[in-house]
Amino acid sequence: GEDVEQSLFLSVREGDSSVINCTYTDSSSTYLYWYKQEPGAGLQLLTYIFSNMDMKQDQRLTVLLNKKDKHLSLRIADTQTGDSAIYFCAERDTDKLIFGTGTRLQVFP
Amino acid sequence: DTEVTQTPKHLVMGMTNKKSLKCEQHMGHRAMYWYKQKAKKPPELMFVYSYEKLSINESVPSRFSPECPNSSLLNLHLHALQPEDSALYLCASSHPPNLAGGFQETQYFGPGTRLLVL
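Line by line, the protein sequences give chains A and B.
Going by our numbering, the residue at position 94 of the first sequence is 90; the numbering climbs one at a time, nothing skipped.
Just add 577 to wherever you are in the second sequence, counting from 1, and you've got our numbering.
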C-alpha cells in the first residue's frame, strides 16, 4: 500500500454523500478497483473503472478518474449505516493488485 | 456465482503445530492468490498460482507452503509459525492475466481465515 495513498478516516451523517479519495502511482494501470471490507470479513468488490474512462456510475456509486493527476475517487450517494466499513482502492500491476492504505468510513445517524 | 470459500474461518495454533488453510472456487478461474492482512493494513500478496503453477512468491518464508492440487482448490500449509504470523489470510481468484488486460482478470475474494499463533 505504500504507493497508493488514501485518507485514513471519513465520518458522514446518514443520508449525506461520502467521497473517498485515492492517489495511485502506476500510470499504466488498465483497471482500478474499489473494494469494501466490513469488520472481520473479506473484501467485497464494489466497482471498477477502466483507464480510458473518466467516470462510471453504478446505482449509488460514482467513480471518477483523473489520469493526469492519478487521482481516483468513489462517491457514495445517500450514505447508509450499512456503508460503514473500510474502503480500499486498488490498481492492477500485471497479475498483482496493489492496494491503497484504506479509508475507514463511519456513518452516524 | 462469484463465491470464493475458505475454511476454517478461525484457527488457533501453537508454534509447533502443522495446519492447512483451504480455498475453493467454482467460477472456472485459473489464477488463485493468497494474501495476508494484518489489522488496520491493506492486504499484501503472498503467492499467485496461474494454471495450477506457482507464478509469484513474494519472498514468503518457507514456513508457509502453498499448494494448488487442481484448478478449483488452493491450500496453504502452515508449519512452525511465529506469533507475528497471526493475521487474516485471504484467498482470491480470477481469470489469468493476459496481454489484453481485460476486466475478466478482476479478483474475487473469500471471507478469509483469521489465524492466531500462540
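Don't read these hints as lab results, they were simulated from the structure.
There may be inaccurate statements among the hints.
To be verified - Cut-off 27 Å, straight-line C-alpha distance, at most; resulting in silico cross-link-like pairs (DSS-like, lysine-lysine): (1) A:Lys52 / A:Lys64; (2) B:Lys615 / A:Lys32; (3) B:Lys630 / A:Lys66; (4) B:Lys617 / A:Lys66.
Said to hold, decoys possible - Per the computed footprint, the stretches of chain B lying under chain A, defined by three or more beta-carbons under 8 Å from a beta-carbon of chain A, are: (5) 608 to 620; (6) 623 to 637; (7) 640 to 653.
The C-beta atom is built at its ideal place from N, Cα and C for all residues, glycine as well.
So, going through the hints one by one against the coordinates:
1. A:Lys52 / A:Lys64: Distance ~17 Å between Lys52 (chain A) and Lys64 (chain A) Cα, so the pair holds.
2. B:Lys615 / A:Lys32: holds, 16 Å
3. B:Lys630 / A:Lys66: Not satisfied, since the Cα-Cα distance of roughly 34 Å exceeds 27 Å.
4. B:Lys617 / A:Lys66: With a Cα-Cα distance of about 24 Å, the restraint between Lys617 (chain B) and Lys66 (chain A) holds, given a limit of 27 Å.
5. 608 to 620: holds (count 5)
6. 623 to 637: holds (count 4)
7. 640 to 653: Check failed, 0 qualifying residues.
The structure does not agree with the numbered hints 3 and 7 stated previously, though it agrees with the rest.
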